[in-house]
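As given, the protein sequences belong to chains R and C, one line each in that order. Note that the working numbering gives residue 132 to position 132 of the first sequence, counting from 1, and the numbers run on in steps of one. Going from the second sequence to the working numbering is simple: count from 1 and add 455.
Just so you know, these hints were derived from the structure itself, not from any lab. Careful: at least some of the hints might be erroneous.
[What the hints assert, rightly or not] Here are the computed lysine-lysine pairs in the DSSO-like style, where the Cα-Cα straight-line distance is at most 27 Å:
#1 Lys283/R to Lys738/C
#2 Lys738/C to Lys357/R
#3 Lys283/R to Lys808/C
#4 Lys47/R to Lys19/R
#5 Lys803/C to Lys710/C
Protein chains: 2
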Amino acid sequence: MQFQLTADYIRKVTQLIAKKDGNALRKLLHDIHFADIAELLEELNSKEATFLIKSLESEITSEALMELDEDVREKILKRLSPEEIAQELEEMDTDDAADVVAELDDHIQKQVIEKIEDEEHASDIVELLTYDEDTAGALMAKELVQVKETWTVAGCVREMRRQAENVTRVHSIYVTDKDGKLKGRLSLKDLLTASAKTHISEVYIPKVDYVTVDTEDEEVARIMQKYDLEAIPVVDENRVLVGRITIDDIVDFIKDEAEKDYQMAAGITEDVEADDSIKELVKARLPWLIIALIGGFISVWVLSGFNTALTEHAVLFFFTPLIAATAGNVGVQSSAIIVQAIANDTLKGSTWKRLLKEVSLSLINGLVLASILLIVLKLFLSKLIPGMDMLVGITVAISLISVIIVASLIGTFVPIFLNKRGIDPAVATGPFITTSNDIFGIFIFFFIAKIILGF
Amino acid sequence: MQFQLTADYIRKVTQLIAKKDGNALRKLLHDIHFADIAELLEELNSKEATFLIKSLESEITSEALMELDEDVREKILKRLSPEEIAQELEEMDTDDAADVVAELDDHIQKQVIEKIEDEEHASDIVELLTYDEDTAGALMAKELVQVKETWTVAGCVREMRRQAENVTRVHSIYVTDKDGKLKGRLSLKDLLTASAKTHISEVYIPKVDYVTVDTEDEEVARIMQKYDLEAIPVVDENRVLVGRITIDDIVDFIKDEAEKDYQMAAGITEDVEADDSIKELVKARLPWLIIALIGGFISVWVLSGFNTALTEHAVLFFFTPLIAATAGNVGVQSSAIIVQAIANDTLKGSTWKRLLKEVSLSLINGLVLASILLIVLKLFLSKLIPGMDMLVGITVAISLISVIIVASLIGTFVPIFLNKRGIDPAVATGPFITTSNDIFGIFIFFFIAKIILGF
């Protein structure tokens, strides 16, 4: 059943494009799903992709365009005339169309919108462009099926047939009063099972979840997930129904958010993919590396401050990577758990209690690791390493426990603190937490060593 | 609109539970959404939660139970009799019911299933339990609306009214032949707009995406996302329609997978949450720390092998954390990008090309970082640190570039290699990659230093 995009297939397509044989292309790609067309487009250069877009029906290509990576789409749109772009937009739902228009250069935007023949569609797109990014208004589409509470089921079905033409998928039918204010909802199932003469006011469900145009997108995702909604109506400040958001947009949103958090934890500052250009990848990766390098300088400076240890206890310097790595790992573990709890909105209770729990947990982990360390030192390392005596071993073990406790406290506290300040706590994961914990870890280690060994 | 679970509200509920006042509880919680009931249950102890479950209608509590964390649900179910559990199962969709039964102890399972009054429901649950975990069969539900291609639209609507009673949400109507083999689908919209006498065979859409019972869950999620499906039919080896999977289950699956990858990258081996017990958290966090500790021992051993550097070039030891941290950070960046590309199925093209790209990228990053390093050394560190001459600076700079290249190659290659071997590449992120890169980084650094400085 599944379509497989083979190298052979791509070769066949590029050959037809080279021959400018639109008819053969249409025949070859007939019946191929738009998501597969999108995959194919990503394999072509932008000139070939543009030819393909122009050859196929905009009913298909408009959907395929939406599946493309933003930069691939941008390159193709640059090669299309305002008329051609407008044709694609006509076929799109308003939310997708508005997204595409927003990506265009300002002077093109106006030209494109003027070329859209369906005036209602055009004005819907313009309306959607006015909402702030990251709000329900920017996420919603204008396409929905709306009926008045005073209608009968039969009248409703008639009207729905008319409206449904513009709506790809009917999730729910929204019931409004004569002023367009949201009153409730009606499922297609209810409509199927009610008799034709019944008034809508008798069968609709008045309990309906909704969001307003300025609800934040994260909140929309949270509500839709929590209440298992497949679509949610959007109202303006007067509770007038203005749009709806469907679950497929939220699936994309959830994925994007999860990927962003993951990349942030991995020290990648911009949304990049493996296939992006070297320039983009450098731009995404270099900033954190520079910050980490600065952290590295601080650790060099801290270590040089303990250079008196070099004469009698140089062996301590063999342990700095071990201590630093443990501090970093523990910090990342702690912060990841907190960042996830914040993202899922499950972080409740007092911060103090949480820090206390973290200390107990770290004490257990620390004691286990310190015991392993002492056994390994006794059995192997003391024989391998000159100058390795039991006092040094005890110093390393005590430091390890202290470092684990401090690192876990930092890893727990920093994201909670950032979140309270309104900063995305995910920045506190990854390189930031490893770098700062490296420095703290090394300092604590040598500070304890100085007290115990005296240098 | 949104329900807020306040401390006050919880207190009110626990007081009513203490008084065993079921009527007042039902009144208080009337009209509260099951997802909010679930939140409330998570705040109660298992005895209180069980009383609450018993007081409310199973129509509500069965849904609330499904929203609970698995361990909270388990504790509550332990306090319910087989009859009471069966009552909850009667209200659940078969997929949820099968999940709950699978969580029960073996000897309870049979008792519970025997107590389910609806025999078809019971046998459906038993059927679902036979499928392998991580397959479409284990993910699907038996509830669906199925019509025969020979029926008329009117007959179809009649039959649908009957079937729809058991189906919470109608996504699609599936059309089968007389043997139950999947032929196509019909949208509710199509049904609304077709005339009553039309035969289904004239209006159904024969192009339908489907999966088989043994399709892997990851593949199901990929297909549903790629083709923007809200539900997908599941067929057996003879193409007989046996169930359907809806997008809400896939949303949960996507979230779980993303969280698992994130936790893996953060060195957390089991699915834990901030509110889990200390024991569970230790179990999830300790294993990676032990592995990292073993890596730490190796780095101690590597460093001790270069102890001849201590006499004249001890300053090198101040730089080990800087080198190790950079190696770790670069490795995590590289592996995260590859792991994400593998998860999204966008990793194409030859591995050699990808490694070459990674080398070019690392060379740029390395040159930038090395330049910053040399400037900082010249301006500040050479004055602060005794024994810090320009030759040491050049040694560190060359090592930094080499380490960045090697670390990025390891970070790129290891996940690709693991994936080809059928191992989840996400294990290659986080502590694993930082630990191994720490060791390689330190070794490369001292090896280069030995060549340049000669000790």
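Within 27 Å, alpha carbon to alpha carbon, are Lys738/C and Lys357/R? holds, 15 Å
Holds or violated: Lys47/R with Lys19/R, Cα cutoff 27 Å? Holds, at about 13 Å.
Take a quick look at whether Lys283/R and Lys738/C sit within 27 Å of each other, Cα to Cα. violated, 38 Å
Are Lys803/C and Lys710/C close enough, with their CA atoms no more than 27 Å apart? holds, 25 Å
Given pair status - Lys808/C, Lys283/R, alpha carbons within 27 Å: holds, 20 Å
Checked against the numbered hints above, the structure violates only hint 1.
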